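Protein chains: 2
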Amino acid sequence: MREGNIFIVSGPSGGGKTTLVERVLQDLNDLRFSVSCTTRKPRAGEVNGKDYIFVTENEFKKMIDEDKFAEYANVHGHMYGTPLAELESAAKSGVDLLLDIDVQGARQIRQRFSRGVYCFVLPSSFELLRARLLERGSENRGEIEKRLSEAGKEIEDIDNYDYIIINDELDRALESLVSVIISARCRKEKSIGIIKKGYSSK
Amino acid sequence: MREGNIFIVSGPSGGGKTTLVERVLQDLNDLRFSVSCTTRKPRAGEVNGKDYIFVTENEFKKMIDEDKFAEYANVHGHMYGTPLAELESAAKSGVDLLLDIDVQGARQIRQRFSRGVYCFVLPSSFELLRARLLERGSENRGEIEKRLSEAGKEIEDIDNYDYIIINDELDRALESLVSVIISARCRKEKSIGIIKKGYSSK
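Chains as they are written, first to last, in my numbering: chain A, 384 to 585; chain B, 384 to 585.
Don't read these hints as lab results, they were simulated from the structure. As the structure is a prediction and not an experimental result, all values here were calculated from the model. Please note that a few of the clues may not be correct.
For chains that are exact copies, the list does not tell them apart, and a pair is met inside one copy or across any two.
What the hints assert, rightly or not - Calculated lysine to aspartate or glutamate pairs in the DMTMM-like style (CA-CA distance at most 25 Å, straight line):
| no. | residue 1 | residue 2 |
| --- | --- | --- |
| 1 | K424 | E526 |
| 2 | K580 | D485 |
| 3 | K424 | E510 |
| 4 | K445 | D554 |
| 5 | K573 | E442 |
| 6 | K445 | D551 |
| 7 | K571 | E449 |
| 8 | K571 | E522 |
| 9 | K580 | D434 |
| 10 | K571 | E558 |
| 11 | K536 | D551 |
| 12 | K536 | E386 |
| 13 | K445 | E558 |
| 14 | K445 | D485 |
| 15 | K424 | D448 |
| 16 | K475 | D554 |
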């Protein structure tokens, strides 16, 4: 069986990543979302086990000690981690997996697994990102400035990504990310087996 | 201005490449088709200057002598070549160019320009390819066997391609090839300029 792809999606807070990922998962029903563990509290509407696995700080620490994370990082003061089990079960079943993780986590996945398709999602300018954060209205002024300054640091990592998904219009960004996923499935390494089989008995 | 992409599409005769390329050009109106020169006679419906530039053997030889081809090859007893001018004008205007060329031509482009996105189009099995050729009915039995034997040789080149577009269903193949083209436009190297500009003044 072919090994599933791993799609890593990162991008600054307020860049529209979460909405984009939701839409991609609706469009491609053969793509599985990797559910992360986090120590932050659930937001309104978030479902335990679907959006995140919500755990205590102690539970998170225990998972670190037992080497149960493929990656983990402290983001905006909360811990986030991808359970190794998510990657292992996807690999076993040949399913494509999408990870919504920050740049620190992406760095760990890159080093540890030396595979994956890395996508960085963001609006095309700092002004647009600021406008999005203001629009969202879930952070106060000081918090927004903090997020923006963190975004500047995150963007320094963009050179380690394969694709840049410019998210100025959701539909356009959706088309881009879906195309990255479909094209990865067409890569020679992924389909050569089918062709070798289909043309072996000529 | 960003340099345009070059998409090279190859595949065995009867594999449905021409129809697929026509559909892709309809879907993506910002993609330009590279018109090849050929010494073969026009088929019914083919338009000079649109499908091919039809030239005599002598005209073709003269173009070779004057180094006016980016690549050329003898395919099924006729000469085919991509005018250098096609690549130069596309590069200058930043337009993405699609080349429908055979494996020999693709090899020349790869060596000479060291860039391009290489796609190999074919049905998933030898039996399907044979059925397509029989269905098309434009070749006699002997000609079909010759095409199939040539297909076997062409497929040996598949390892030099980046993507395999399996063309069992046209809509599926179309989605694949369009995705390859859109994703190439999202590659980091292509969009990093926009981001550097948009985030320079934070």
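Consistency of the hints with the structure:
1. Within a single copy, K424 and E526 get their C-alpha atoms as close as 17 Å, which meets the 25 Å cut-off; across copies the closest is 70 Å, which misses it.
2. In this assembly of identical chains, K580 and D485 lie within 25 Å of each other by CA distance solely across copies; the values are 23 Å between and 40 Å within a copy.
3. Taking the shortest alpha-carbon separations for K424 and E510, neither the intra-copy value of 29 Å nor the inter-copy value of 57 Å comes in at or below 25 Å.
4. Taking the closest pair of Cα atoms, K445 and D554 never come within 25 Å of each other, the shortest separation being 41 Å inside a single copy and 49 Å across copies.
5. With identical chains, the CA atoms of K573 and E442 are never at most 25 Å apart, being 38 Å at best within one copy and 43 Å at best between copies.
6. Taking the closest pair of Cα atoms, K445 and D551 never come within 25 Å of each other, the shortest separation being 40 Å inside a single copy and 50 Å across copies.
7. In this assembly of identical chains, the alpha carbons of K571 and E449 never lie at most 25 Å apart, being 37 Å within a copy and 36 Å across copies at closest.
8. In this assembly of identical chains, K571 and E522 lie within 25 Å of each other by CA distance neither inside one copy nor across copies; the values are 45 Å within and 30 Å between.
9. Taking the shortest alpha-carbon separations for K580 and D434, neither the intra-copy value of 40 Å nor the inter-copy value of 34 Å comes in at or below 25 Å.
10. Taking the shortest alpha-carbon separations for K571 and E558, both the intra-copy value of 22 Å and the inter-copy value of 16 Å come in at or below 25 Å.
11. Taking the shortest Cα distances, K536 and D551 sit within 25 Å of each other inside one copy (20 Å), while across copies they are farther apart (46 Å).
12. For the identical chains of this complex, K536 and E386 are neighbours neither inside a copy (33 Å) nor across copies (28 Å), given an alpha-carbon limit of 25 Å.
13. Proximity of K445 and E558 under a CA criterion of 25 Å is satisfied in neither setting, with 40 Å inside one chain copy and 45 Å between copies.
14. For the homomeric pair K445 and D485, the shortest alpha-carbon distance inside one copy (21 Å) is at most 25 Å, but the shortest distance between copies (58 Å) is not.
15. For the homomeric pair K424 and D448, the shortest alpha-carbon distance inside one copy (22 Å) is at most 25 Å, but the shortest distance between copies (73 Å) is not.
16. In this assembly of identical chains, K475 and D554 lie within 25 Å of each other by CA distance neither inside one copy nor across copies; the values are 32 Å within and 30 Å between.
In terms of the numbered hints stated before, the structure departs from hints 3, 4, 5, 6, 7, 8, 9, 12, 13, 16, listed from lowest to highest.
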